[in-house]
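Colleague: Residue-level listing of the chains:
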Amino acid sequence: MIEFQLDTASGVATYLQLVQQVHQALQLGLLGPGDQLPTAQQVVAKLAINPNTVLKAYRDLERAGLARARPGQGTFIVRSLPRADPASQNRFLASMTEWLRAGRTAGLGLDEIEAIYRTALRSCLAEGVT
Amino acid sequence: MAVLEASGLGRQYGRRWALRDCTLSIPEGKVAGLVGPNGAGKTTLLHLAVGLLAPTSGVITVLGGRPADGPAQLGRAGFVAQDTPVYARLSVAQHLRMGAWLNRAWDSKLAQCRIEQLGLDPKQRAGSLSGGERAQLALTLAIAKRPEVLILDEPVASLDPLARREFLRSLMEIVAARGLSVVLSSHLIADLERVCDYLVVLIASRVQLAGEVSTLLSSHYRLSGARRDPASLPADQEVIEQSHTDKQSTFLVRTDDPILDPAWTVRPVTMDDLVLAYMSRGAGTGRARRSGLRVMS
Chain A
15 MIEFQLDTAS
25 GVATYLQLVQ
35 QVHQALQLGL
45 LGPGDQLPTA
55 QQVVAKLAIN
65 PNTVLKAYRD
75 LERAGLARAR
85 PGQGTFIVRS
95 LPRADPASQN
105 RFLASMTEWL
115 RAGRTAGLGL
125 DEIEAIYRTA
135 LRSCLAEGVT
Chain B
169 MAVLEASGLG
179 RQYGRRWALR
189 DCTLSIPEGK
199 VAGLVGPNGA
209 GKTTLLHLAV
219 GLLAPTSGVI
229 TVLGGRPADG
239 PAQLGRAGFV
249 AQDTPVYARL
259 SVAQHLRMGA
269 WLNRAWDSKL
279 AQCRIEQLGL
289 DPKQRAGSLS
299 GGERAQLALT
309 LAIAKRPEVL
319 ILDEPVASLD
329 PLARREFLRS
339 LMEIVAARGL
349 SVVLSSHLIA
359 DLERVCDYLV
369 VLIASRVQLA
379 GEVSTLLSSH
389 YRLSGARRDP
399 ASLPADQEVI
409 EQSHTDKQST
419 FLVRTDDPIL
429 DPAWTVRPVT
439 MDDLVLAYMS
449 RGAGTGRARR
459 SGLRVMS
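Keeping their order, the protein sequence lines are chains A and B. When we follow the working numbering, the leftmost residue of the first sequence carries the number 15, and every step to the right adds one. When we follow the working numbering, the leftmost residue of the second sequence carries the number 169, and every step to the right adds one.
Don't read these hints as lab results, they were simulated from the structure. We put the beta carbon where it would ideally sit given N, CA and C, even for glycine. Treat the hints with caution; some may be incorrect.
FRET-style restraints, in silico, Cβ to Cβ [claimed, not checked]: (1) A:Gly43 <-> B:Arg265: 33 to 43 Å; (2) A:Arg73 <-> B:Thr433: 43 to 53 Å; (3) A:Gly86 <-> B:Ser400: 51 to 61 Å; (4) B:Glu284 <-> A:Arg77: 12 to 22 Å; (5) A:Cys138 <-> B:Thr383: 19 to 29 Å; (6) B:Thr224 <-> A:Arg93: 57 to 67 Å; (7) B:Pro253 <-> A:Gln38: 23 to 33 Å; (8) B:Asp424 <-> A:Gln34: 17 to 27 Å.
If you want the footprint, here are the derived chain A segments under chain B, 3+ residues with CB under 8 Å [unchecked claim]: (9) 53 to 67; (10) 78 to 90.
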């Protein structure tokens with residue numbers, strides 16, 4: 015069983031923080047298929063947050079095919095997330111470094127590069143590429 | 169169905185209007201936070217909702233019924249008034265007995281259980297309870313009548329941080345167990361951010377902002393960058409708040425579309441940001457600022 019934490023200063027909606035923490039736990043292998051998520055009652059008792067928020071987060075996980083609610087029992091993980099492969103991470107890092115160098119050669123400042131990166135990230139998120 | 173619906177609602181004390189022409193609708197099944205400056209009419213609105221006051225004008229319904237429309241309707245709403253008042257000379261047990269006597273659908277088992285869980289001595293006089301215990305007793309009385317909606321007016325304002333957290337935890341556990349609707353007024357935004365999934369900002373009887381908290385948070389952004397005229401922002405970005413120095417502009421905008429302009433540093437907003445922005449706009453200070461660029465010293 016995992017335990018949720020809340021970062022109230024992050025500006026990230028509470029339900030999204032719960033969803034992200036489940037994702038992270040799956041990626042780190044802390045959670046796997048068959049594992050039960052804390053019940054809304056348990057989360058509420060720990061964090062003093064709205065139970066609807068917990069249920070909203072769990073519905074999100076269900077929609078993503080990661081969890082399933084079993085009536086009268088609770089919500090369970092049904093799928094694992096692929097752990098990041100170190101080799102592909104390295105390849106990605108290399109191409110990113112290449113891109114950064116190209117940007118510097120083209121005369122872009124670090125701030126501009128960061129702004130471009132953030133813009134690209136935001137448009138990816140807007141397209142639903144996660 | 170709306171848990172609380174008001175239309176043109178007003179209440180006058182002598183010549184003064186404590187609430188005037190208030191129109192709002194809070195959906196059922198939510199924990200709704202009601203915020204606004206002192207004097208916005210929050211307490212008057214909540215007193216009208218539970219039938220402690222009658223409207224001077226307009227209409228208010230709670231779960232579709234008129235608040236003071238007989239005992240059945242009164243039983244549908246539990247109320248915890250400001251500063252969680254109890255009868256100082258009565259013991260905890262006497263409070264429960266009184267609750268059982270005055271309410272139709274009293275759940276004495278639930279009341280007993282909660283008093284035990286809280287570790288309250290039934291023989292103790294309510295006047296000698298701590299602030300946190302008194303608040304918990306008031307909450308117990310409001311819950312044991314098995315209401316469909318629980319209305320609380322600044323229930324935690326006078327409590328220390330630990331008692332406040334305990335109170336909100338109790339409240340949320342009750343919501344989780346019984347699925348009732350809650351309407352809660354408070355100045356403590358950090359608390360509301362934790363417990364509310366619906367937010368209403370009320371200023372001078374007017375609703376400035378209302379909606380699902382997650383939707384509100386994800387449709388507002390704080391933008392900062394080189395100084396810019398607000399007129400140059402895309403039409404879908406409504407400026408809620410802005411400030412400018414000679415070089416820089418900062419905006420809080422509302423939009424349903426993502427912000428793609430690379431010139432901006434984009435930050436998400438917190439509930440605190442939202443409430444303050446709408447409160448200062450509602451107070452009229454925003455209107456002057458919106459008319460054009462002005463250097464803020």
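Colleague: Next step is simple, just say for each hint if it's right about the structure.
Modeller: Here's how the hints hold up against the structure:
1. Restraint check, glycine 43 of chain A to arginine 265 of chain B: a C-beta distance of roughly 56 Å breaks the suggested window 33 to 43 Å.
2. About 33 Å separates the C-beta atoms of arginine 73 of chain A and threonine 433 of chain B, a value inconsistent with the hinted range of 43 to 53 Å.
3. Hint check: glycine 86 of chain A to serine 400 of chain B, Cβ distance near 57 Å, so the stated range 51 to 61 Å holds.
4. Roughly 41 Å separates the CB atoms of glutamate 284 of chain B and arginine 77 of chain A, a value that falls outside the hinted 12 to 22 Å.
5. A hinted range of 19 to 29 Å for the beta carbons of cysteine 138 of chain A and threonine 383 of chain B is consistent with their spacing of about 22 Å.
6. Remark: the range hint 57 to 67 Å for threonine 224 of chain B to arginine 93 of chain A is upheld by a beta-carbon distance near 59 Å.
7. Hint check: proline 253 of chain B to glutamine 38 of chain A, Cβ distance near 45 Å, so the stated range 23 to 33 Å is violated.
8. Remark: the range hint 17 to 27 Å for aspartate 424 of chain B to glutamine 34 of chain A is upheld by a beta-carbon distance near 22 Å.
9. Counting residues of the region 53 to 67 of chain A whose CB falls under 8 Å from any CB of chain B gives 11; the rule of at least 3 is met.
10. Beta-carbon proximity to chain B at under 8 Å applies to 0 residues in the region 78 to 90 of chain A; the threshold of 3 is not reached and the given coverage is violated.
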